[in-house]
Amino acid sequence: MYIQGVLTVAMINIISATGLAVFTGFTGLFSLGHAAFMAVGAYTSAILTYFLGVPYVLALVAGVLASSVVAALVGYPTLRTRLRGDYFAIATIGMGEATRVILENLKITQGARGLPGISQYTTLPVAAVAAAIVLALARNMLASVYGRNAVAVREDAVAAEMSGIHLLRTRMISLVFSAGCAGLAGGLYAHYLAFIQPVMFTMVQSTQITAAVVCGGTGSLTGPALAAFVFTVAPELLRAAHMWRLVIYGLMLVLIMVFRPQGLMGYRDLSWSTFSTLAARIRRRTPHGKR
Amino acid sequence: MANAETRFSRVSRPAPEREGCEGGGTPVIAECIGLTKLFGGVRAVSHLSFKVDEGEILGLIGPNGAGKTTVFNLLTGFYRPTSGSMLFRGRDLAGLAPPAIVGLGIARTFQNIRLFSNLTVLDNVRSVLYRHAPYGFAQALIRSPRVRRDERRVREKALEYLEEVGLAGRAYDRASHLPYGLQRKLELARALALEPVLLLLDEPAAGMNPEESMSLVGLIDHLRRKHNLTIILIEHHMDVVMSLSHRIVVMNFGEKLMEGSPEEVQTDVRVIEAYLGEEYASAYRR
Ligand SMILES: Nc1ncnc2c1ncn2[C@@H]1O[C@H](COP(=O)(O)OP(=O)(O)OP(=O)(O)O)[C@@H](O)[C@H]1O
Ligand SMILES: [Mg+2]
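Protein chains in written order, with our numbering: chain A, 22 to 312; chain B, 25 to 310.
Hints are not guaranteed to be accurate.
Among the chain A residues that face chain B by a calculated CB cut under 10 Å, a handful are [stated by the list, open to error]:
(1) ASN170
(2) ALA173
(3) GLU176
Hints are computed from structural coordinates only; laboratory data are not their basis. Here a beta-carbon is modelled for each residue, glycine too, at the ideal position from N, C-alpha and C.
Using the sequences and the accompanying hints, generate a full structural model.
In structure tokens, the structure reads:
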């Protein structure tokens with residue numbers, strides 16, 4: 022039962038990390054507000070099932086749409102700069118705070134006390150299937166023209182734009198996809214915990230998702246998914262270390278930044294061909310590229 | 025086969041407007057009129073006017089800081105001109121965003137190579153073949169048969185462009201691992217993949233030794249014929265410019281110093297003065 026719970030949360034975290042991997046690892050933009058997108062998804066879907074009796078799956082979809090819309094509203098004015106996406110990262114800090122304040126003051130969200138008694142629809146199989154679907158969709162997107170545009174923008178926004186790739190459109194697509202994943206994760210989370218509160222969706226939560234993506238590796242999907250899994254399960258294994266979790270996160274981040282700035286799985290993904298490539302790589306000994 | 029395709033897609037574009045024609049001679053494909061760009065107090069480009077004829081290679085030369093790259097940055101929509109106008113096939117480029125200008129048929133390479141350096145050579149070219157992958161986002165998410173088909177096509181196309189510049193053998197190398205000269209060729213392939221009408225090359229031979237740059241001359245001329253390109257070529261290697269250009273515009277301090285055939289430019293005192301200074305020029309006069 023307990024193990025199932027931990028694994029369910031791990032699946033949910035894989036979903037949000039996958040979404041952020043698309044935005045940060047593949048599009049090269051930072052978000053400090055992904056927890057807010059989770060909050061929007063969580064509250065939207067919880068309110069729908071709790072007050073309106075909307076079917077679970079529909080409520081999850083509504084949560085996905087709601088966070089995508091919020092993301093689009095925040096992204097549209099802030100992602101149009103040619104060179105950097107910094108404006109967006111800063112805007113997400115404000116958005117995170119604004120979301121919290123709104124949730125704490127709305128009547129329907131029952132303020133800071135939170136929403137108790139949400140139906141516990143999210144089981145491990147549900148979360149696992151959702152994670153698998155999200156990973157597959159993300160992989161498909163990245164293997165398409167939309168993913169290539171995103172990566173081109175990450176690599177060199179000027180060269181991409183001068184090659185006819187629309188910066189704003191490309192970044193918006195990544196953002197909306199990414200926020201949609203966070204919204205789904207939020208909806209699943211609400212219906213797993215059966216209780217949500219604004220304080221669950223703060224910068225600390227956002228930072229944890231970012232940590233998984235950065236440690237897992239820029240330009241990789243499986244890396245962040247793996248990292249999200251480890252980051253969820255490891256603290257439970259080391260219960261004694263629980264209070265040190267944030268310290269350990271920080272330490273891991275610093276160590277990875279210093280020794281492996283591209284992340285554990287930078288620009289690589291686990292697949293069947295990985296192992297053959299690995300063998301070839303060892304034979305050829307490729308030098309480290311500059312990032 | 026590949027070639028016929030490329031040409032076909034070019035023909036299917038709106039035909040160039042003919043108002044730029046000069047008395048039935050070669051049609052003018054692009055034109056700058058009184059083009060001026062100020063950066064604060066710096067006059068990077070100043071009242072510059074020139075025309076480019078269809079199918080020609082126009083050399084654009086001048087000492088460092090003359091404003092050559094800035095002209096490219098204006099033509100591609102990276103900067104907005106302070107004043108003056110730019111016409112491409114009779115269309116005013118003013119206010120168009122870079123992707124719109126690419127859509128009209130102008131592509132460029134960069135003086136300081138700008139590749140997608142963490143990607144493979146193949147992916148550098150694939151990244152700009154979006155025109156061959158016009159499927160929607162929902163289709164992409166489920167990777168429909170249509171997506172698979174388009175993606176196979178994109179890959180073939182990319183390999184064809186690499187083949188043209190002689191990089192097919194390095195398709196799976198990381199772009200940043202290529203030697204300098206090959207990185208420039210990869211930029212050329214990427215620009216070519218945009219199927220431009222007008223190609224802007226900013227110092228394509230920079231950093232190449234004489235042999236490499238002479239082989240580049242052959243390649244550029246070959247590509248121009250094969251793809252019906254019009255080219256503006258910025259280059260400091262005089263042998264490259266002189267052997268490729270049909271006409272040359274010389275810039276100095278943002279202004280047009282002179283314009284003429286390679287022979288005229290090479291023997292012009294003002295050009296020698298601009299490049300080597302007053303003393304050399306007066307020595308030359310004697
Ligand atoms: N973004 C910018 N901001 C300020 N000044 C600029 C900018 N871009 C170019 N300049 C200035 O404009 C002038 C022309 O620069 P440009 O790069 O066009 O010269 P260039 O002819 O390409 O020279 P080079 O042969 O060295 O490449 C220079 O004085 C340069 O310092
Ligand atoms: Mg220059």
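Hint numbers not upheld by this structure, sorted from lowest to highest: Violated: none.
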